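J.: Residue numbers (the numbering used here): 324 to 383.
Certain hints may be false.
Said to hold, decoys possible - Derived Cβ-Cβ restraints for the label pairs, each shown as a range: (1) 366 x 325: 16 to 22 Å; (2) 367 x 332: 25 to 31 Å; (3) 367 x 341: 26 to 32 Å; (4) 340 x 364: 17 to 23 Å; (5) 366 x 341: 25 to 31 Å.
Hints in this document: simulated from the structure, not taken from any laboratory.
A quick note: this is a predicted structure, and the numbers were derived from the prediction, not measured.
Yeah, the Cβ is synthetic: ideal placement off N, Cα and C, and Gly gets one too.
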Amino acid sequence: MKCPRCNGLMIYERYQDMLEVFYAWRCVICGEVVDDVVLKNRTGKEEEEKKEKKTRAARG
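Based on the provided sequences and hints, a complete structural model is requested.
T.: Here's what the structure looks like:
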């Protein structure tokens with residue numbers, strides 16, 4: 324997998340805190356961390372921005 328930020332190598336790592344364990348991809352170059360939650364949030368923001376642009380264009 325390639326990093327969406329710098330196009331570097333991504334490795335699959337295990338992350339753990341006091342209550343939870345999860346796995347995510349981390350870039351060995353820039354440190355970008357991507358998991359399912361991050362991808363879902365980014366997709367949601369992109370869709371919201373598209374809706375806002377359409378609304379502004381319709382009003383404008």
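J.: Now, for every hint given, state plainly whether the structure supports it.
T.: Each hint tested on the structure:
1. Checked against the hint of 16 to 22 Å, the pair residue 366 and residue 325 passes, with Cβ atoms roughly 18 Å apart.
2. A hinted range of 25 to 31 Å holds for the C-beta pair residue 367 and residue 332, which are about 27 Å apart.
3. Range check, residue 367 to residue 341: about 27 Å between beta-carbon atoms, so the 26 to 32 Å window is met.
4. Between residue 340 and residue 364 the Cβ separation comes to about 18 Å, which falls inside the hinted range of 17 to 23 Å.
5. The beta-carbon spacing between residue 366 and residue 341, approximately 29 Å, falls within the hinted interval of 25 to 31 Å.
Violated hints are absent here; each numbered hint is respected by the structure.
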